[in-house]
Amino acid sequence: VSGRVVEVSPSLRAGGSFTRGEVLIGIDERDFRLALEQANADVAGAESNLLLQQTEGAVSSSNYALLHPGDSVPALVAREPQIGQARAQLLSARARAAAAELDLSRTKISLPFAGKVTSSSAEVGQMLSRGQSFGRVFALDALEVNIPIGQTELLNLNPAEGRVALVYVGSNTVDTNVYPAIVERVAAVLDERTRFSKLYLRLTGSPELSPGTFIDAKIVGPNLPSSYQLSEAVEQPGGHLWLVIDDKLVRHSPDIRNRSRVGILVEAFEYGQGIVVGPVPSAFEGMRVRTLPVDTAP
Numbered sequence: 002v003s004g005r006v007v008e009v010s011p012s013l014r015a016g017g018s019f020t021r022g023e024v025l026i027g028i029d030e031r032d033f034r035l036a037l038e039q040a041n042a043d044v045a046g047a048e049s050n051l052l053l054q055q056t057e058g059a060v061s062s063s064n065y066a067l068l069h070p071g072d073s074v075p076a077l078v079a080r081e082p083q084i085g086q087a088r089a090q091l092l093s094a095r096a097r098a099a100a101a102e103l104d105l106s107r108t109k110i111s112l113p114f115a116g117k118v119t120s121s122s123a124e125v126g127q128m129l130s131r132g133q134s135f136g137r138v139f140a141l142d143a144l145e146v147n148i149p150i151g152q153t154e155l156l157n158l159n160p161a162e163g164r165v166a167l168v169y170v171g172s173n174t175v176d177t178n179v180y181p182a183i184v185e186r187v188a189a190v191l192d193e194r195t196r197f198s199k200l201y202l203r204l205t206g207s208p209e210l211s212p213g214t215f216i217d218a219k220i221v222g223p224n225l226p227s228s229y230q231l232s233e234a235v236e237q238p239g240g241h242l243w244l245v246i247d248d249k250l251v252r253h254s255p256d257i258r259n260r261s262r263v264g265i266l267v268e269a270f271e272y273g274q275g276i277v278v279g280p281v282p283s284a285f286e287g288m289r290v291r292t293l294p295v296d297t298a299p
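When you line the sequence shown up against the working numbering, it's residues 2 to 299, in that order.
Hints were generated in silico from the structure; no laboratory data involved. Incorrect hints may have been included.
[Said to hold, decoys possible] Mimicking DSS-like on lysine-lysine, the simulated pairs with C-alpha atoms at most 30 Å apart in a straight line are:
#: 1; residue 1: K117; residue 2: K219
#: 2; residue 1: K199; residue 2: K219
#: 3; residue 1: K117; residue 2: K249
[To be verified] Simulated restraints on C-beta separations:
#: 4; residue 1: V2; residue 2: G46; range: 22 to 30 Å
#: 5; residue 1: S3; residue 2: S49; range: 54 to 62 Å
#: 6; residue 1: G46; residue 2: S3; range: 25 to 33 Å
#: 7; residue 1: V187; residue 2: V278; range: 47 to 55 Å
#: 8; residue 1: A188; residue 2: Q86; range: 56 to 64 Å
#: 9; residue 1: R196; residue 2: D217; range: 38 to 46 Å
#: 10; residue 1: Q127; residue 2: S49; range: 16 to 24 Å
#: 11; residue 1: R21; residue 2: P75; range: 55 to 63 Å
#: 12; residue 1: G132; residue 2: A188; range: 30 to 38 Å
#: 13; residue 1: V2; residue 2: E162; range: 40 to 48 Å
#: 14; residue 1: R186; residue 2: A284; range: 43 to 51 Å
The structure displayed is predicted, hence computed values, not measured ones. The beta carbon of each residue, even a glycine, is placed where N, CA and C say it ideally should be.
Could you build the full structure based on these sequences and the hints that come with them?
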């Protein structure tokens, strides 16, 4: 509603916090109370008029029946049009009373959620118009995190929706800065510039975070049994690995299940005496080699 501000909650300031249902702004309600009283009076008048028309219709119908026994009472004699009009007037009056009561309730502005204030321009004495903006807030339970993700990583999470995640704020070694989350949605289109997709995470606790906070996130992927996590250094040009079996190099093309910053995830395989790390000059299948313990290798 439109009106003059007579009350502003101390919570309605940039950085302030408010609870669900807390009155943030009060608008002068005197005009709205008078309007409600007038509407209630109109309802009472309409009820009296309807009762009067019904009573007069009943008397007229009774008199007509005495003078014309056996005949049906005409609608005009029974005052049916007047009664119908009185009913319509009563419905209209009740609707105006309900609207006036609703307007009166809107002089106390509150929100159906707990949240924090990012900006506010409301002041006592200020005139507010219907639909006018006077600040910005956000709900504490509506915070979400969006993180970019490459197409390959996204495929490795398929389906991504519903997966458990951990959100880290600041140092991820501090337990108090770790918040549980759930992957709620996946962006429908890729970023035109980076060609990355985006995941939207819903925080499941009640974190005291502010919009714009930089975070790191870890998402629990699918369970991949019988897998090895290997360093990228084991991958040779061409994508194969060199294994040492019976003191000979054996070429192996692994089934790569995932790639990440920590290396490659491959399907488990028999690796014999070990896996060669780094390039081997002039290597070929069956080349004889000698292995040494790490602490004695040159």
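A quick look at each hint next to the structure:
no.	hint	verdict
1	K117 - K219	holds, 27 Å
2	K199 - K219	holds, 14 Å
3	K117 - K249	violated, 67 Å
4	V2 - G46: 22 to 30 Å	holds, 25 Å
5	S3 - S49: 54 to 62 Å	violated, 33 Å
6	G46 - S3: 25 to 33 Å	holds, 28 Å
7	V187 - V278: 47 to 55 Å	violated, 36 Å
8	A188 - Q86: 56 to 64 Å	holds, 59 Å
9	R196 - D217: 38 to 46 Å	violated, 21 Å
10	Q127 - S49: 16 to 24 Å	violated, 42 Å
11	R21 - P75: 55 to 63 Å	holds, 60 Å
12	G132 - A188: 30 to 38 Å	holds, 32 Å
13	V2 - E162: 40 to 48 Å	holds, 42 Å
14	R186 - A284: 43 to 51 Å	holds, 47 Å
Taken one by one, the earlier hints fail for this structure at numbers 3, 5, 7, 9, 10, listed in ascending order.
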